[in-house]
Amino acid sequence: MDAIILQILNGLDKGSAYALIALGLTLIFGTLGVVNFAHGALFMIGAFCAVTLSRILTFSHTVIDETKKDFLGNPLKVEVPYIYDIFGQATGDVIIDWAVPISILFAIPVMVAIGFAMERGLIKHFYKRPHADQILVTFGLAIVLQEIIKYFYGANPIPTPAPAAFTGSFDFGAMLGFDPNTIIYPYWRLVYFAFAAVIIGAVFAFLQFTTFGMVVRAGMADRETVGLLGINIDKRFTIMFGIAAAVAGLAGVMYTPINSPNYHMGMDFLVLSFVVVVVGGMGSLSGAVLAGFLLGVLESFASMAVVLETLPGINQIIIYLVAIIILLTRPRGLMGRKGVMED
Amino acid sequence: MGLNKRDVTLLVIVAILCLFAPFILNPFPEGSAMAQFNAGYPDLMQRLVIFGIFAIGFNILFGLTGYLSFGHAAFLGVGSYAAIWMMKLLTMNVIPAIIISVLVAGLFSLLVGWISLRRSGIYFSILTLAFAQMSYSLAYSVLTPITGGETGLQPKVNDPRILDGALAEGQTPRANLFGLQMNQSYEMAVGDWVFTFNAGYYLAAIVMLIAFYISIRIFRSPFGMMLRAVKSNQQRLNYTGLNAKPYTLAAFVISGMYAGLAGGLLVAMDTQVGAERMFWTASGEVVLMTILGGAGTLIGPVLGAGFIKYMENIVSKINKSILEQWFAFMPDGIEDLLVTLVYPFIGKGWHLTLGILFMLVVIFLPGGLVEGGQRVGRLFKRKKPAGDKPDGKTTPAE
Numbered sequence: 001m002d003a004i005i006l007q008i009l010n011g012l013d014k015g016s017a018y019a020l021i022a023l024g025l026t027l028i029f030g031t032l033g034v035v036n037f038a039h040g041a042l043f044m045i046g047a048f049c050a051v052t053l054s055r056i057l058t059f060s061h062t063v064i065d066e067t068k069k070d071f072l073g074n075p076l077k078v079e080v081p082y083i084y085d086i087f088g089q090a091t092g093d094v095i096i097d098w099a100v101p102i103s104i105l106f107a108i109p110v111m112v113a114i115g116f117a118m119e120r121g122l123i124k125h126f127y128k129r130p131h132a133d134q135i136l137v138t139f140g141l142a143i144v145l146q147e148i149i150k151y152f153y154g155a156n157p158i159p160t161p162a163p164a165a166f167t168g169s170f171d172f173g174a175m176l177g178f179d180p181n182t183i184i185y186p187y188w189r190l191v192y193f194a195f196a197a198v199i200i201g202a203v204f205a206f207l208q209f210t211t212f213g214m215v216v217r218a219g220m221a222d223r224e225t226v227g228l229l230g231i232n233i234d235k236r237f238t239i240m241f242g243i244a245a246a247v248a249g250l251a252g253v254m255y256t257p258i259n260s261p262n263y264h265m266g267m268d269f270l271v272l273s274f275v276v277v278v279v280g281g282m283g284s285l286s287g288a289v290l291a292g293f294l295l296g297v298l299e300s301f302a303s304m305a306v307v308l309e310t311l312p313g314i315n316q317i318i319i320y321l322v323a324i325i326i327l328l329t330r331p332r333g334l335m336g337r338k339g340v341m342e343d
Numbered sequence: 001m002g003l004n005k006r007d008v009t010l011l012v013i014v015a016i017l018c019l020f021a022p023f024i025l026n027p028f029p030e031g032s033a034m035a036q037f038n039a040g041y042p043d044l045m046q047r048l049v050i051f052g053i054f055a056i057g058f059n060i061l062f063g064l065t066g067y068l069s070f071g072h073a074a075f076l077g078v079g080s081y082a083a084i085w086m087m088k089l090l091t092m093n094v095i096p097a098i099i100i101s102v103l104v105a106g107l108f109s110l111l112v113g114w115i116s117l118r119r120s121g122i123y124f125s126i127l128t129l130a131f132a133q134m135s136y137s138l139a140y141s142v143l144t145p146i147t148g149g150e151t152g153l154q155p156k157v158n159d160p161r162i163l164d165g166a167l168a169e170g171q172t173p174r175a176n177l178f179g180l181q182m183n184q185s186y187e188m189a190v191g192d193w194v195f196t197f198n199a200g201y202y203l204a205a206i207v208m209l210i211a212f213y214i215s216i217r218i219f220r221s222p223f224g225m226m227l228r229a230v231k232s233n234q235q236r237l238n239y240t241g242l243n244a245k246p247y248t249l250a251a252f253v254i255s256g257m258y259a260g261l262a263g264g265l266l267v268a269m270d271t272q273v274g275a276e277r278m279f280w281t282a283s284g285e286v287v288l289m290t291i292l293g294g295a296g297t298l299i300g301p302v303l304g305a306g307f308i309k310y311m312e313n314i315v316s317k318i319n320k321s322i323l324e325q326w327f328a329f330m331p332d333g334i335e336d337l338l339v340t341l342v343y344p345f346i347g348k349g350w351h352l353t354l355g356i357l358f359m360l361v362v363i364f365l366p367g368g369l370v371e372g373g374q375r376v377g378r379l380f381k382r383k384k385p386a387g388d389k390p391d392g393k394t395t396p397a398e
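For the record, the sequence lines run as chains A and B.
Sequential numbering from 1 applies to the first sequence in UniProt numbering.
Sequential numbering from 1 applies to the second sequence in UniProt numbering.
Don't read these hints as lab results, they were simulated from the structure.
Quick reminder that beta carbons are idealized off the backbone N, C-alpha and C, glycines included.
Incorrect hints may have been included.
To be verified - Partial list, computed: chain A residues near chain B (C-beta under 10 angstroms):
(1) A142
(2) I143
(3) L145
(4) V277
(5) T310
(6) P312
(7) I314
(8) I317
(9) L321
(10) L328
(11) P331
Only chain A is shown next, with the shape it has when bound in the complex (with noise of 0.2 angstroms):
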């Protein structure tokens, strides 16, 4: 029963980075009807965000310390990053130290702006063409994204520590009344858990509560009488591209502490967040979430102990193989909306 649940709960957080991702594909793919390859290339400009502000943060310049004096009495020069000059030594630390979560401030405006750059500059060229098209060109942009990031950040990943907060495990055995040490778990991936359930649900409120998000439910359904109607929707499937950036790059940001992000850590996430999308059903947003819980928990299922020992190998396949057996046996995906795609 306790690894049931250690199971469970490991496979929330890549469920949710998955969710996230998938979720992002989703709202382009149901308003702009674009296939978006280089959406992986966001993830992970998102987790970049998170590394420029901790570098930004810690940029210093030398001062000579004169109550330190090194070995041959000469006062010594230290490193003062400029935050301390600001907000003094004892807040400029813990600024430092809070970096991922504030990243998420410094991540939004760029983020967004990064996708109204992309759908202006680029994607609105290709609604017409086929969607091979859309696929190549896009895939072609994170090649470019990626090798960007990777001339100025190079190829190793760069370690970006949790909060010193956050850094210890949970023990939820003891909570659940099983024996203490069964069942850890570690606070970051809690926090990141929590974020991506919030971030899911205010996209779901935005969409469903606000008047922007019902007129962009009703584009989706039918473009052409909305924009018959005198609005113009293709502004707002803009602002909605933007908003898909931003809670790829949010995703980003937060994982940075489970995984240390290098440049190619969004085509990774991609190709898994594509089949979330196929099995989710293309087009429906409750069902990629859903999907990117499922096979994340399914995933974290198959690379128990009990189950490699009969299946060798099943976890590093599962997701795919569900992903055939789903398409073969439901096409549509698990909530996808007919005449989605099916052609």
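Following the hints, position chain B against chain A.
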């Protein structure tokens, strides 16, 4: 040979290019400053033609039927593994290895195609991608006894090799064609130029010519016409009472066999396999080659494969000091600026250049290099008034 005059000309041109490639690719004398642009060394020439085969095969599927497979590297990988096992168990002669690689890749693509072709469009792309990633993950983990996992496979001295008999003391197993070793080369020095004629390259080139000939025949056959019909309007095809599935499946298997052939040849040239050959970026690369050259055209994929492999080898060899040499004649400030501007695109930044190039081609030149060539050609011809040129597009009447 069942070809019309234009196709014969095309085939002959390709054959001549292949035959004289060691000269054409080595235009600069040894030791000169431009020698780094020479591509006439065996390893690169072999890759040029082998990836040409891979792209020709991919084009039969994507160019004719419009089905975009993102998992073709899996067939190349499976073919490679089959070939290396043939070399380990049977003989170091490359003929059985190549034959078995084609057969195994064909069987595997029959299985994958039979399942994937139930869906079309993006679903098809994702299904093939899923299969390829699955094969890659399995080759890396569970199938290690067969695939060698991370270390890959190489022929070992104590492999059985039933037909070859024992090796002489101190000899290592080398791939050969009835005794002619694949890495055997003849070097011809003319003045400062050194031309290398490599046995493996010529074998691969002959195989590519055969593959190219077969692809011409497929393009011109009624079967090829059916595949084009699938691309332009599958629904209409169904309404006329024809089942498109056997045709697309056949195209899929053929292109899978081409990929297996390329995999087998890769093994024949350097007798080693690793799972990274099946990674999805490798599948992406063949897509790039085909699109860049011109999907749906005969010569396009070969051009694309040649272009990408050539640039990959040459551009990634340029480094900062070479750049500084080039721009040395300029004033210092401008030189530094130029070097800083160009530097991200060369050496390790080759993929950035490739990505940008690919995007430009998809955006402005959907027909690839071939279309670019035709446009340039049209600029100079201007025989017919514009307007009656066939643009190859069909507008379905709906």
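Check: Holds or violated: is there a CB of chain B closer than 10 angstroms to the CB of P312 (chain A)?
Finding: holds, 5 angstroms
Next item on the list: Please verify that hint: L145 (chain A), Cβ, nearest Cβ of chain B, below 10 angstroms or not.
Entry: With a minimum Cβ separation of about 8 angstroms from chain B (threshold 10 angstroms), the hint on L145 (chain A) holds.
Checklist line | Interface hint outcome for L321 (chain A) [beta carbon to chain B under 10 angstroms] | finding: holds, 7 angstroms
Item checked: Status of the I143 (chain A) interface restraint (C-beta, 10 angstroms, chain B) -> This hint holds: I143 (chain A) lies near chain B, its Cβ roughly 3 angstroms from the closest one there, short of 10 angstroms.
Note to self: Using the nearest Cβ pair, does L328 (chain A) come within less than 10 angstroms of chain B?
What the structure shows: Hint holds; L328 (chain A) Cβ to chain B Cβ min 6 angstroms, cut 10 angstroms.
Margin query: A closest beta-carbon separation below 10 angstroms is what the hint needs, so does P331 (chain A) meet it against chain B?
Written below: holds, 6 angstroms
Margin query: The hint names I317 (chain A) as touching chain B; please verify it with the least Cβ-Cβ distance against 10 angstroms.
Written below: holds, 5 angstroms
Next item on the list: So, A142 (chain A) near chain B? Judge it on the closest CB pair being under 10 angstroms.
Entry: holds, 8 angstroms
Check: Are T310 (chain A) and chain B close enough, Cβ to Cβ, to be under 10 angstroms, as the hint says?
Finding: Violated, because the Cβ-Cβ distance from T310 (chain A) to chain B comes to roughly 12 angstroms (cut-off 10 angstroms).
Note to self: Less than 10 angstroms between beta-carbons is the criterion; does V277 (chain A) satisfy it with respect to chain B?
What the structure shows: For V277 (chain A), the interface hint holds, since the closest Cβ of chain B sits about 8 angstroms away, which is under 10 angstroms.
Next item on the list: So, I314 (chain A) near chain B? Judge it on the closest CB pair being under 10 angstroms.
Entry: Holds: closest Cβ of chain B sits about 9 angstroms from I314 (chain A), inside 10 angstroms.
Violation of the numbered hints given earlier is confined to hint 5; every other hint is satisfied by the structure.
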